[in-house]
Amino acid sequence: MPRRTSVSLNVVERGEGVPVLALHGWTPDHRLMLGCLEPVFAGRPGYRRLYPDLPGMGASPAPPEIASSDDVLATVQDLVDDLLGDAPFLLVGESYGGYLARALAGSRPAQVRGLALICPIGTAVENADRRVPPPEVLRPDPGLLASTDARTAAEFAEIAVVQTPETLRRFREEILTGLDVADQEAMARIRRRWTLTEAPEGGAPFPRPTLILTGRQDSSTGYLDQFALLPHYPRATFAVLDVAGHNLQIEQPGLFDALVGEWLDRVAADAG
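Heads up: the sequence shown is residues 1092 to 1363, going by my numbering.
Read the hints as simulated data drawn from the structure, not as lab findings. Here a beta-carbon is modelled for each residue, glycine too, at the ideal position from N, C-alpha and C.
Restraint ranges, calculated between C-beta atoms of paired labels, are given here: (1) Ala1279 x Glu1107: 32 to 40 Å; (2) Ala1150 x Arg1263: 17 to 25 Å; (3) Leu1175 x Pro1233: 42 to 50 Å; (4) Gly1363 x Ala1290: 27 to 35 Å; (5) Glu1257 x Gly1134: 17 to 25 Å; (6) Leu1270 x Pro1225: 18 to 26 Å; (7) Pro1225 x Met1278: 21 to 29 Å; (8) Ala1362 x Ala1237: 46 to 54 Å; (9) Arg1326 x Asn1101: 28 to 36 Å.
Start from the sequences, fold in the hints, and give me the full structure.
Shown next, in the form of structure tokens:
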């Protein structure tokens, strides 16, 4: 199939077996998804994990031709063609990556055997249109913030519901590292045409095992706009986790690992 773009995405691979494509959110890079999922797969051999950097993020370029979410999605379609062809695969998306993942699953319903969405953008794409709770810190640690450099503390405090040394460590290693290297000019260009031309749920319902994870205290994407997606995903487990914000995988790692593991079990049972 001819390529849609000239862009080749940077991809980090782990393991062998059933492919799992993991798409990170807006501004971080593949390290967010690596930190999310590798603990889940540590005890589950037989999966080939693919962690790309989206255009303008991490080590992936975003030349002027990449000027919209449609273009970003096209680079992911090219990646699937290049690395997987027509082979079946599992798909995971976080936040903005969840928005792209829904569109990718809709365009490849026979190929995507399972879909997992982590704090995804819901029915309202633009921030101003979303129904989200106000920011709330349930487990604060002022001493932790005071002992951290000002920039890191501010970025962490803006989104953290649980402030502990461990959540700060993971935020710094898995998220802040990506924020530091993003191509801000490219991000601004893409952001001006952020809504996909074709709505992800515009086609037939997605019939495969699905997981939708949201945080009860997520002030970025919330949980109400994701509930409205359920009719399109008749095989979806939908969970709203308390004591969890937009980085629920960091703040509720035990529940996250258990629910993703159960989703993998459902996908495997269908495939068998």
